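Student: What follows is each chain in one-letter form.
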Amino acid sequence: MAGWSGPRATRRPAGRHPVAGRLGAARCDGARRGVGRPVSPNPVGDRFERLAQSIAERVVNLVLDAIDINAVVEQVDINALVADVDINAVVAEVDINALIERVDINAVIDRVDINALVQKVDLDAVVSQMDVDSLVEKTELGSIIAKSTTGVLTEVLDVVRSQGVGLDDFFARWTNLFLRRKAGTLPIGPPLLVAQPAPPALSPGAPTLERP
Amino acid sequence: MAPVQPPPVEQTVGRQGNYAGVVSRAVAFGVDVAAVWGLYTLGVYAVSLGTQLLFGKPLNVSKHQLAALIVVVIWGFFYFAYQWTLGGRTLGMALFGLQVVGADGSPVTGRQAVIRTLALPLSFLILPLALLMILIQRERRPLHDLIGGTAVVYAWDARAARLRWLAQKEPLPRTKTPELPAS
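These protein sequence lines are chains A and W, in that order. Numbering of the first sequence is given in the numbering used here, commencing with residue 1 and proceeding in unit increments. Numbering of the second sequence is given in the numbering used here, commencing with residue 1 and proceeding in unit increments.
Hints listed in this document are in silico derivations from the structure and should not be mistaken for laboratory results. Only a predicted model underlies this, so the values are computations on that prediction, with no experimental measurement involved. Check before you lean on any hint, since a few could be wrong.
Unchecked claim - Residues from chain A that face chain W, not an exhaustive set, calculated with beta carbons under 7 Å:
no.: 1; residue: Ala-92
no.: 2; residue: Val-94
no.: 3; residue: Phe-171
no.: 4; residue: Leu-192
Every residue gets a Cβ at the ideal spot worked out from N, C-alpha and C, and that includes glycine.
Use the sequences and the hints to build the structure in full.
Tutor: In structure tokens form, the structure reads like this:
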């Protein structure tokens, strides 16, 4: 098929111009028949081939129209299909670094509403899970705090006060032991200053429990 | 050098607002009595100096004992009542991180502070009873607290104190970055 450009590929040779009269008509007729140009080595087979191609296209379209693709997909066991796929092997072939390099992180971050994100975070819960003692002890945060807040007088006061509290507890423990009362039954502080389980709030008109 | 040991957690953290114990209160009261007496002595010395400068003769307090007693009582009343009204704490109480509050924990009012001050001599005169009441009474409230409708609580930032203690310790050494071989 090399060199054959097909019957429709009519191309006027360079430098030629249309010729008037019978000679011109004959020339045109010859050009229309493909005279002087390479032709297919098997013109009959080519026609059949094109015919078969058009029939096939028509048949495929008819078949596709007749098939309910959704019904076919529903019959496919996607889970089994996915289970057969070795995801690790697939992932191993992915060049993550190249992938990341193609991602515009700044554009992604620009689309994130940081304020909305932060508002959703329960910072109290996060902080409550932190071991602040350990943080202060093991990081330079401790020395920063010490330099900024600790003076000699503060240190002395801390010592004196904590020793005083220790002695308070010592005497209170022995008193409770002597009086045979449990420390847990005693109030630890005024109700407004010590977190105590609050009774359920009742509105003025709310029903109250009546004693039998 | 021995490592710094922070005070036990139960002695520091979470004690704010708890009823103060007998030792802290007694020592704080001792500091206050010393302050009252010391300031009175300073005042008497200043007045004596003044009279010597003005009249050429120093003031002899031993000759005016009744007047001196009245002055001491008034000065003591002013010392306690004024400071309790102002912030619920005297000099000694501030030193030991104590504070006078209402029996329910509300800030102490001027009326409560005055009544408490007036009732204080009762506890002071029978000091052992007052100390015993702090030990025995369920809310650690001696006579003048019960009369004045007040209580004394720890009011110092014990949590910050513990953090300061922990901060005294040297932080762990940083892990050294391995040196790259010279190419």
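Student: All the hints need checking, so say for each whether the structure fits it.
Tutor: Here is what the structure says about each hint:
no. : hint    : in the structure
1   : Ala-92  : violated, 29 Å
2   : Val-94  : violated, 30 Å
3   : Phe-171 : holds, 5 Å
4   : Leu-192 : holds, 3 Å
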